[in-house]
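Peer 1: Since the structure of chain A is already known, use the hints to place chain B on it.
Which chain is which? The protein sequence lines are A and B, in order.
Numbers in the numbering used here are just positions in the first sequence, counted from 1, shifted up by 32.
Numbers in the numbering used here are just positions in the second sequence, counted from 1, shifted up by 31.
Hints listed in this document are in silico derivations from the structure and should not be mistaken for laboratory results.
Mixed in with the good hints, there may be bad ones.
Just the calculated beta-carbon pair ranges, DEER-fashion [to be verified]:
| no. | chain 1 | residue 1 | chain 2 | residue 2 | range |
| --- | --- | --- | --- | --- | --- |
| 1 | A | Val133 | B | Asp102 | 17 to 27 Å |
| 2 | B | Met103 | A | Pro124 | 16 to 26 Å |
| 3 | B | Glu289 | A | Pro56 | 30 to 40 Å |
Note that the Cβ used here is the ideal one computed from N, Cα and C, for glycine as well.
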Amino acid sequence: MRALLAACAFLGGCAVVQPPAEPPLGPGEIRSAPAALQALALGKSRKADVRAALGEATVIDFESGYEVWVYRERPRDKAPPPAPELVLLFAPSGVLAKARVR
Amino acid sequence: MAVVSAVLLLGFLWAPHAQANDAVVITALRDPVAKSYRRMIAGMELFEKRRGLAPAASLRFKLLPRNRRTDMESVQLAIEGSSFWKALEVAPDHTFTLERHDAALKENASVMPDRKAGTLTWRAEIRTPGLPPDTRRLGDLRLECEVGMQARLISNYRPLFFGWMDALVREGPEYCRRDAPRYLFFADRPLWSVTLVAGARREVLPVDRLYGGASRDPDWKEDLPYCDCEVLMDRAYFLPLGDPSWPDDTRVEFEYMEGGA
Numbered sequence: 033m034r035a036l037l038a039a040c041a042f043l044g045g046c047a048v049v050q051p052p053a054e055p056p057l058g059p060g061e062i063r064s065a066p067a068a069l070q071a072l073a074l075g076k077s078r079k080a081d082v083r084a085a086l087g088e089a090t091v092i093d094f095e096s097g098y099e100v101w102v103y104r105e106r107p108r109d110k111a112p113p114p115a116p117e118l119v120l121l122f123a124p125s126g127v128l129a130k131a132r133v134r
Numbered sequence: 032m033a034v035v036s037a038v039l040l041l042g043f044l045w046a047p048h049a050q051a052n053d054a055v056v057i058t059a060l061r062d063p064v065a066k067s068y069r070r071m072i073a074g075m076e077l078f079e080k081r082r083g084l085a086p087a088a089s090l091r092f093k094l095l096p097r098n099r100r101t102d103m104e105s106v107q108l109a110i111e112g113s114s115f116w117k118a119l120e121v122a123p124d125h126t127f128t129l130e131r132h133d134a135a136l137k138e139n140a141s142v143m144p145d146r147k148a149g150t151l152t153w154r155a156e157i158r159t160p161g162l163p164p165d166t167r168r169l170g171d172l173r174l175e176c177e178v179g180m181q182a183r184l185i186s187n188y189r190p191l192f193f194g195w196m197d198a199l200v201r202e203g204p205e206y207c208r209r210d211a212p213r214y215l216f217f218a219d220r221p222l223w224s225v226t227l228v229a230g231a232r233r234e235v236l237p238v239d240r241l242y243g244g245a246s247r248d249p250d251w252k253e254d255l256p257y258c259d260c261e262v263l264m265d266r267a268y269f270l271p272l273g274d275p276s277w278p279d280d281t282r283v284e285f286e287y288m289e290g291g292a
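Just chain A, same shape as in the assembly (with noise of 0.2 Å):
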């Protein structure tokens, strides 16, 4: 009964310890918008760049050829709402004109 007890207090303690699996991100979701932009570069990374560093953006395109793509970090359970966003800015020749985050 003892050693039962044991096995129990021991899997229960495992069960504690071990971290939730979390859930793969979404379309235009990101971790950490400050270490997203960190992995971009001015003038010089272009729409398939950043698609392959982050992911799908939430994309907004203009009949003008300018691009506004937008990340969010996953809402954290405490964390107020709006979670912090990554806002870039594809030039219609396709390369990051400008970024920001709020």
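Peer 2: Just chain B now, kept in the frame of chain A:
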């Protein structure tokens, strides 16, 4: 003729908030390019009543393009009643002012551009002189919203298809006193960011307050033809007009897509 009458009747039935005398609002398209002179005068009266929001500013009205084909050059504008007629001078920036004419009020006249329905939209333009370039003043914009709502300047083809636009067509100036009304302002050029500055406090608007909220609306392109922002989406922004923590003297700073780092 029966078809025309039926369409007119439907237009009437679908316009429950149109007042009996607002003849220009009751049309087959529900999107007349003309506006009610009475309503616009009511907007001017509200401007005087609420001008504490913008004590040094003056009021003009502004015409804006509603689609890419709109020719904004040489727009002719007039007040037209059953017998009253007066031409209005439109400035090169497409703004104009109105004067009060009792005869035009009595005849429930319209303010009528020489452009077809669906080609133009309207806004109030209230600017305090002497502001730095690429800035506006929040109190001016609060009053622009109130005058615009009072004068019913926003046009929308099929309001039911663009939910939040529906409120803009139906509601009055009190709409502007909500925390985050979705009254669309348009900057002079395509926008990259909008920042509110009051003393040492500085806050960049979240991207969902730019571009008509498109970043939260996956269907924004389908809805676009029904919004009077159709060709101005890249200039469109909302402001926290009803948030009292931002004083009327708050500076609204714009950074544009072109230019700057």
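Peer 1: Would you say the C-beta atoms of Met103/B and Pro124/A sit inside 16 to 26 Å of each other?
Peer 2: 23 Å, holds
Peer 1: Can you tell me whether the CB distance of Glu289/B to Pro56/A sits inside 30 to 40 Å?
Peer 2: 37 Å, holds
Peer 1: Should the hint that Val133/A and Asp102/B are 17 to 27 Å apart at their CB atoms be regarded as holding?
Peer 2: 41 Å, violated
Checked against the numbered hints given earlier, this structure breaks only hint 1.
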